[in-house]
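Participant: If you want the building blocks of each chain, they are given just below.
Number of protein chains: 2
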Amino acid sequence: MQPLTEFPLIQRFFTQQRVKNPQTNLGIGDDCALLSVPDGYQLAITTDTMVENVHFFADADPEQLGHKLLAVNLSDLASMGAQPLSVTLALTLPKVNEDWLTAFSKGFLGLAEQYSVDLIGGDTTSGHLTLTVQALGLVPKGKGLRRSTAKVGDYIYLTGSLGDAGLGLKIKQGYNCSQAHTETALVRFNNPNPQVQTGLALLDIANACIDISDGLLADLEHILEQSQVGARLDWELLPLSEAVHSYINETGNWSLPLIAGDDYELCFTVSPEKVKLLTIPCTKIGVIEALSGLRLYKSGQLQSLTSKGYEHFS
Amino acid sequence: MQPLTEFPLIQRFFTQQRVKNPQTNLGIGDDCALLSVPDGYQLAITTDTMVENVHFFADADPEQLGHKLLAVNLSDLASMGAQPLSVTLALTLPKVNEDWLTAFSKGFLGLAEQYSVDLIGGDTTSGHLTLTVQALGLVPKGKGLRRSTAKVGDYIYLTGSLGDAGLGLKIKQGYNCSQAHTETALVRFNNPNPQVQTGLALLDIANACIDISDGLLADLEHILEQSQVGARLDWELLPLSEAVHSYINETGNWSLPLIAGDDYELCFTVSPEKVKLLTIPCTKIGVIEALSGLRLYKSGQLQSLTSKGYEHFS
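These protein sequence lines map, in sequence, to chains A and B.
Counting from 1 along the first sequence, just add 1084 to a position and that's the residue number in this note's numbering.
Counting from 1 along the second sequence, just add 1084 to a position and that's the residue number in this note's numbering.
Keep in mind that the hints were calculated from the coordinates and are not lab data.
Quantities reported herein were computed from a predicted structural model and do not represent experimental measurements.
For each residue, glycine too, the CB sits at the ideal point set by N, CA and C.
Just so you know, not all the hints are guaranteed correct.
Unchecked claim - Now the stretches of chain B that chain A is said to cover, found in silico as 3 or more residues with beta-carbon under 8 Å:
| id | region |
| --- | --- |
| 1 | 1121-1133 |
| 2 | 1214-1224 |
| 3 | 1272-1281 |
| 4 | 1322-1333 |
Using the sequences provided together with the hints, build the complete structure.
Facilitator: In structure tokens:
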């Protein structure tokens, strides 16, 4: 264990080249960071933790891990329609491994650079590998996309395709498929792209929005419960990649795209009158109904939903 | 391991009776919380992690632990002169122990109630016990107390007394002293009080400020380095409790109050002209000088400073 003190560790591995946001008035190095919020905006705040052997494998590539840790937090901002602003990073590390930290910070700060996110604070502690980010973003006052505001009659949409990250996990666990499909799935599993621009484009259009981190069924149910509505989904409408289609054909496991987590696509609802305003690539997968509960149709048959997206502590 | 899902777990143990701040526009339950920052204010942001067997003993009382976790974060806000507003809580737990969670949340939310702090978000994950809080507070624009703005000629002040928490740690590790001194020291070790009101009272008065979490020498050195100044301290001026005096008399270990962490008092500098404005209980312990470095005098003799406050990864 190399004696690196907390302050030099942050300075050495996590100093960004420049402050990216005019809102960042004071960054790393004091007891607190200082931030300004412009008139007419609210601050959106979210936090997510990733734990070794729970959320990632012990041999995970540290650069991909740094990217993914920030991505899952930016995804929460995206689902609110927030413009990312800044983050804090709480790193609990078993030891100071310079190669690991160099790669991890490269992945983390690379994605931060892409979205002009300032790393404004952090804490490094000793212990089992546990990574917590809190992310801050800006939304126009009263415009943030919520889970609780879906309306009966809204169409349900999805960005991207579903189940690719879940297939990536299957591959990590031993499933074999073609080289091309393996690459597609592993990129989605290891390097998710937060749908930040999409979230911003949905302001004033979507009635409700959530990101798919725990699986479509589990996450859509949050919208249904909090909005006190139900929904009908058609399996045939789900946007699936060739890789996931091929996996389902081979295994018969058609529930993968419904319950697999880690996709970080956005699921949102739009009133029929506003559908024409949608300018982003997305797929209609169902409709919000007054009757509570989620009804999934496959080949015209109502299916029994016994499995849900994964939950922690299950 | 009881199957409790994340959302009910947060709802069950961490729901506050009411939102305390008008700035909290949306609390727990969506992808993000939403916060307003009033005109003329900046947001102060800090994060701190506590890890089992590093920052607290495995048998730590969970109610005291909940209190302390929030207290150390509020202490960082206090040292900036910020009014606490809201926090997020990232809990990594080895299992769902209802008794532990009940007591932990009682300690955490009890202190939150005392300072009108809203718990606005969180994440619960499975793993080794690791607790991360991010705290948000308000400071009047441009008034935040910094580490980097101490001036030559400033007097150096301390709130409260030094070394009591360090003595508490010694007692936990086997040191024996009187019942009364044991109680004094353990309360300071287990239930620190963040100096929130003091921090607010120092706005427009102090030139620089920091909280004593890693020991006076280590923390004061942050002020000296960032302000590019030096300091003279007089050991005889240090505010010590009877318990710490008695420990030093018995052991000869006079460096305890200089290097022990966990006191969470404020160390600040004030120009001589502004000293008359100080209305809070505090003790002058030294003076800021132009010559860099920290010079400690004891019985009129310059002492060699070989030990510092503790650092992580040492």
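Participant: Any hints from earlier that this structure breaks? Give me their numbers in increasing order, please.
Facilitator: 3 and 4
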